[in-house]
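Chemist: Now for the letters of each chain:
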Amino acid sequence: METDGQSDSKRGGQNRLVLGPNDSLEGKLTYGGSMTVDGGHAEGEFRVGGNIDIGNGTVVKALLEASNVTIKGEVEGKLTARDKLTLGKQAKLNGDVQVRRLQIEDGASLNGYVRMGEFEQQAPGS
Amino acid sequence: MLGPRDRVIGQIYIEGDLRVGGVVEGEVEVTGDVEIDDMAKVKASLAGRDVTIRGHVNGAVVARKRLVVAKSGSLFGDVRVARLAIQDGATFSGKVSMGAGAATAPVKAVEAPTPVPESEPKAATEVEKPATPIVAVPLVAAPKVTPPAIIKTAAPAPVAELRVAGKDGKGKPVAPPIKGKPNKKKRR
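Chains as they are written, first to last, in this note's numbering: chain A, 1 to 126; chain B, 1001 to 1188.
One thing to keep in mind: the hints can contain errors.
Here are the simulated PhoX-like pairs of lysine-lysine, each with C-alpha atoms no more than 25 angstroms apart in a straight line [stated by the list, open to error]:
1. K84(A) <-> K1071(B)
2. K92(A) <-> K1071(B)
3. K89(A) <-> K28(A)
4. K1065(B) <-> K92(A)
5. K1095(B) <-> K78(A)
6. K84(A) <-> K28(A)
Computed beta-carbon distance windows for the label pairs [to be verified]:
7. R1005(B) <-> G27(A): 40 to 50 angstroms
8. S1072(B) <-> D83(A): 12 to 22 angstroms
9. P1004(B) <-> D23(A): 52 to 62 angstroms
10. Q90(A) <-> S1072(B): 23 to 33 angstroms
11. G27(A) <-> G1003(B): 55 to 65 angstroms
12. G57(A) <-> D1038(B): 37 to 47 angstroms
13. G57(A) <-> S1072(B): 27 to 37 angstroms
14. E43(A) <-> D1088(B): 47 to 57 angstroms
15. E43(A) <-> G1089(B): 25 to 35 angstroms
16. P1004(B) <-> G20(A): 49 to 59 angstroms
17. P1004(B) <-> H41(A): 49 to 59 angstroms
18. G39(A) <-> P1004(B): 46 to 56 angstroms
For the record, the hints were derived by calculation from the structure and aren't laboratory data.
All C-beta atoms, glycine included, are put in the ideal place defined by N, C-alpha and C.
Isolated chain A (complex conformation) (with noise of 0.2 angstroms):
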C-alpha cells in the first residue's frame, strides 16, 4: 500500500490512496481523500470523503462509499455514490446502489437495484 502524497485530485490538495498490482488491502477503510484500486487486491468495506477508481481488470469486494465512483473493472456490493457513479464500457457491477447521478456506458454490466436521487445524510465513517 502506498499513499500518493502529491495526489492528482480534482478537489485540490486531497490524498489519493493507490493500491497498484503488488497491493492489497482487506478490511474497513475510512478516509478522507481519494482511492484508486488499479491491479492491486482489495475487499472489506471502504469509505472515502473524494473519490473511488476502480482500474481495468481489478476485482474488488467491498461496500463503496465516495463522492465519484468510477469503474472500470469489476465490483461486488453494495456500493453509494453521493455524486456520480460511471461504469466503463468493461465495468461489472454486482450488486445495489444508491446515486444521485448515474452513467452507464454500452457494454457495461450491471445487477441489482438502483436508487436514484437525493439521499439522507450518510456522513463518512457512519
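Based on the hints, put chain B in the right spot on chain A.
Modeler: For chain B alone, coordinates are given in the frame of chain A:
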C-alpha cells in the same frame, strides 16, 4: 409512430418499430425497436428489441438487445436487458437484471432465427404477454411451442382491446388516431 397528441390506453402489440411522442398507458409489446421521445409520457410495461428512452417511462422494460436511457430520459421500473447504456443526466430507479443467465440466453434464441422466418420473434414476444413482462425465460421455449397460426389470431386481439379500452378510458378522442394508424405502425 404515435405523435405528441396521440394517446393510447390499453395493450399494444406491434410487429415492427414503434415511436411514441404522446401518452401511453398499459402494455406495449413491439417486435422491433421502441423509441420514447422527449415529451412522451409512458406508464406501461415495454418490451422490444432496442429500447431508447428520452421521455418519461414508468413501468418495467424488457429489451432483448439494448436499452438506452438518454440524457433527457427518466425511467422508473425494473429492467431486464442484454445491454444497457445510461447517459449522464438520465434518471433511473429500479432493479437491473442483465447479462448472465436468463437475460442473455433468450436474446440469442430470439435474434438467431430473425433472418429466416419472421414469425418466430413475434411468437416469442406473444408468449411473453400472459406472464410478467420481466420474465424472459419463456422466450427460449417460445419459438418451438407457438405455431404461426396463433399469431394471426393473436395479432388483431390487442387492437380490439385497444378500442374497448379507449371507450372506458379517456374516451372518444383516443380512438380515431389509433384506428387510423395500425397500418403505418406495421412497417415490417
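Chemist: Which hint numbers does the structure go against, in order from smallest to largest?
Modeler: Violated hints (numbers, rising): 3, 7 and 14; every other hint is consistent with the structure.
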